[in-house]
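Based on the provided sequences and hints, a complete structural model is requested.
Residue-level listing of the chains:
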Amino acid sequence: MTSKQRDALAARARRAALIRRRVVAATLATFALAWGVIAFHGAMAAEATTTASQQAATTGSATSDSGTSSSSSSDQSGAVTTAQS
Amino acid sequence: MDSVHVFWITSRAAGVVALLASSAAVTAGLLMGGRMIRGRTVALRTAHEALSLATIAALVVHALALLGDGYLSPSLADVTIPFVSGYQRLWTTTGIVAGWTLIALGLSYYARGRLGPARWRQLHRFTALAWVLGVLHGLFEGTDAGAAWFLVTAAAAAIPAAALLTVRLAAEPATAPQR
Numbered sequence: 001m002t003s004k005q006r007d008a009l010a011a012r013a014r015r016a017a018l019i020r021r022r023v024v025a026a027t028l029a030t031f032a033l034a035w036g037v038i039a040f041h042g043a044m045a046a047e048a049t050t051t052a053s054q055q056a057a058t059t060g061s062a063t064s065d066s067g068t069s070s071s072s073s074s075d076q077s078g079a080v081t082t083a084q085s
Numbered sequence: 001m002d003s004v005h006v007f008w009i010t011s012r013a014a015g016v017v018a019l020l021a022s023s024a025a026v027t028a029g030l031l032m033g034g035r036m037i038r039g040r041t042v043a044l045r046t047a048h049e050a051l052s053l054a055t056i057a058a059l060v061v062h063a064l065a066l067l068g069d070g071y072l073s074p075s076l077a078d079v080t081i082p083f084v085s086g087y088q089r090l091w092t093t094t095g096i097v098a099g100w101t102l103i104a105l106g107l108s109y110y111a112r113g114r115l116g117p118a119r120w121r122q123l124h125r126f127t128a129l130a131w132v133l134g135v136l137h138g139l140f141e142g143t144d145a146g147a148a149w150f151l152v153t154a155a156a157a158a159i160p161a162a163a164l165l166t167v168r169l170a171a172e173p174a175t176a177p178q179r
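Going down the list, the sequences are from chains A and B. Going by this note's numbering, the first residue of the first sequence is number 1, and it counts up by one from there. Going by this note's numbering, the first residue of the second sequence is number 1, and it counts up by one from there.
I should point out that these hints are in silico values taken from the structure, not numbers from a laboratory. The beta carbon of each residue, even a glycine, is placed where N, CA and C say it ideally should be. You can take every hint at face value.
For each label pair, taking beta carbons as the anchor points, the in silico distance ranges come out as:
| id | chain 1 | residue 1 | chain 2 | residue 2 | range |
| --- | --- | --- | --- | --- | --- |
| 1 | A | A13 | B | Y109 | 16 to 22 Å |
| 2 | A | R6 | B | Q122 | 34 to 40 Å |
| 3 | A | A32 | B | L151 | 16 to 22 Å |
| 4 | A | L33 | B | F83 | 31 to 37 Å |
| 5 | B | G116 | A | A32 | 36 to 42 Å |
Next up, the structure:
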């Protein structure tokens with residue numbers, strides 16, 4: 001193997017390593033960003049539900065308030081979202 | 001924020017990453033296989049492999065993080081064996097089948113010497129089917145499926161892959177070897 005071929009192989013390996021590092025960095029950044037967005041939206045949803053419940057309680061209609069009805073939705077995923085986020 | 005939320009959010013975020021990484025991996029694979037980008041085969045192959053491994057890692061986190069969720073409290077069997085979980089059984093099963101298929105087909109790359117290149121190539125085509133199942137799982141069961149940010153992000157990643165897959169499938173009968 002000539003030194004020129006060795007250099008070409010080394011350059012290719014360096015490019016491959018750079019691509020791998022970029023993919024790892026992009027994956028971790030996407031995970032962190034998604035985590036933040038989900039946590040933020042979750043916090044907002046929980047706040048909205050709490051506010052709705054408080055408003056319903058103050059108007060004296062706690063037994064049939066919208067906060068309660070949204071939490072006991074027949075849609076299972078909706079129930080989980082409301083309860084957990 | 002208590003630990004229940006941490007596990008739940010971690011699983012959802014890992015699911016989003018798995019969807020985006022698998023879509024990018026499928027896009028890179030189809031570009032490579034279709035010889036649509038010339039002179040970049042090594043870069044595409046490296047990116048395809050790295051994205052596939054990132055998908056596998058995200059899938060593992062997506063499933064295992066659910067085990068810590070105190071609200072659903074799924075068992076290991078619930079998140080790894082099809083039809084065991086009672087929670088949205090059809091779409092959970094779709095996700096489990098897609099996950100195992102993506103993991104098995106992704107790791108089969110490292111056993112292609114034993115499988116034989118032709119057999120491995122045939123098996124590898126099922127990756128696209130597993131990816132479609134994964135997208136359906138995300139759209140129909142994902143907690144964030146109704147959120148605009150999720151739909152826009154998922155569409156940006158999945159539409160190019162779906163378009164390339166459609167082009168490949170449409171071109172296939174014409175390029176099939178004649179007997």
